[in-house]
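Chemist: Spelled out from the first residue to the last, the chains are:
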Amino acid sequence: KAGVTQTPRYLIKTRGQQVTLSCSPISGHRSVSWYQQTPGQGLQFLFEYFSETQRNKGNFPGRFSGRQFSNSRSEMNVSTLELGDSALYLCASSLGRSVTGELFFGEGSRLTVL
Amino acid sequence: DQQVKQNSPSLSVQEGRISILNCDYTNSMFDYFLWYKKYPAEGPTFLISISSIKDKNEDGRFTVFLNKSAKHLSLHIVPSQPGDSAVYFCAAKLLAGGGADGLTFGKGTHLIIQP
Numbered sequence: 001k002a003g004v005t006q007t008p009r010y011l012i013k014t015r016g017q018q019v020t021l022s023c024s025p026i027s028g029h030r031s032v033s034w035y036q037q038t039p040g041q042g043l044q045f046l047f048e049y050f051s052e053t054q055r056n057k058g059n060f061p062g063r064f065s066g067r068q069f070s071n072s073r074s075e076m077n078v079s080t081l082e083l084g085d086s087a088l089y090l091c092a093s094s095l096g097r098s099v100t101g102e103l104f105f106g107e108g109s110r111l112t113v114l
Numbered sequence: 115d116q117q118v119k120q121n122s123p124s125l126s127v128q129e130g131r132i133s134i135l136n137c138d139y140t141n142s143m144f145d146y147f148l149w150y151k152k153y154p155a156e157g158p159t160f161l162i163s164i165s166s167i168k169d170k171n172e173d174g175r176f177t178v179f180l181n182k183s184a185k186h187l188s189l190h191i192v193p194s195q196p197g198d199s200a201v202y203f204c205a206a207k208l209l210a211g212g213g214a215d216g217l218t219f220g221k222g223t224h225l226i227i228q229p
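The listed protein sequences correspond, in order, to chains A and B. Per this note's numbering, the first sequence runs over residues 1 to 114. Per this note's numbering, the second sequence runs over residues 115 to 229.
You can take every hint at face value.
Which residues of chain B face chain A? A partial, calculated answer using Cβ under 7 Å:
hint	residue
1	157
2	158
3	160
4	216
5	219
6	221
7	222
If we take Cβ atoms under 7 Å as the criterion, some of the chain A residues that face chain B in the derived model are:
hint	residue
8	45
9	48
10	107
The hints are simulated quantities; they were obtained by calculation from the structure and are not laboratory data. Ideal Cβ positions, reconstructed from N, Cα and C, are used throughout, including at glycine.
This is chain A alone, in the form it adopts within the complex (with noise of 0.2 Å):
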């Protein structure tokens, strides 16, 4: 079974710039949360899709945004891109509504601003 495929996995772009990045959950799964990791802040939740439905949001600035499709892929952007936004951006997935709130991973998407 292929696990949760993100990319880009590396890109740089600079200050005031905008970014997409994409995600693709393990089959079947239909919910995808995103989270960024920095090394001061840690894994902060960013919100989570289920069902092309955003079912929870965490503490960001409008500029993150993001969007699931029918197929349960998910992409996430980050508008006027500051020198802030450098961090591993991680796509999990789960099959939804899980007692368990066990996620699956990615490898992430590693975004440097400049």
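Place chain B on chain A using the hints.
Modeler: Here is chain B on its own, set in the frame of chain A:
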């Protein structure tokens, strides 16, 4: 305000000995706790979990203990092996209300197993 805290950024343990990683939480509504392990350049992988109705859960070399009154949990690894060297994240979630799968993570503890 950090609801899940891992106060030790790093921990060094000799191979074969016990590794104890600690985690504290402030939100008494959390009712499910998980540990994830992360190697460099990889995503976190699920290790072990515990429900708030239990105080211990064991899986091979890994045991998680939960002390609800102290809002504290710990992960014990016995015996520690070189492959255990990784960053360990403690995470908590609210099951009530059947809500989203969003987890609240600690900042992680870097475990280093020394030969």
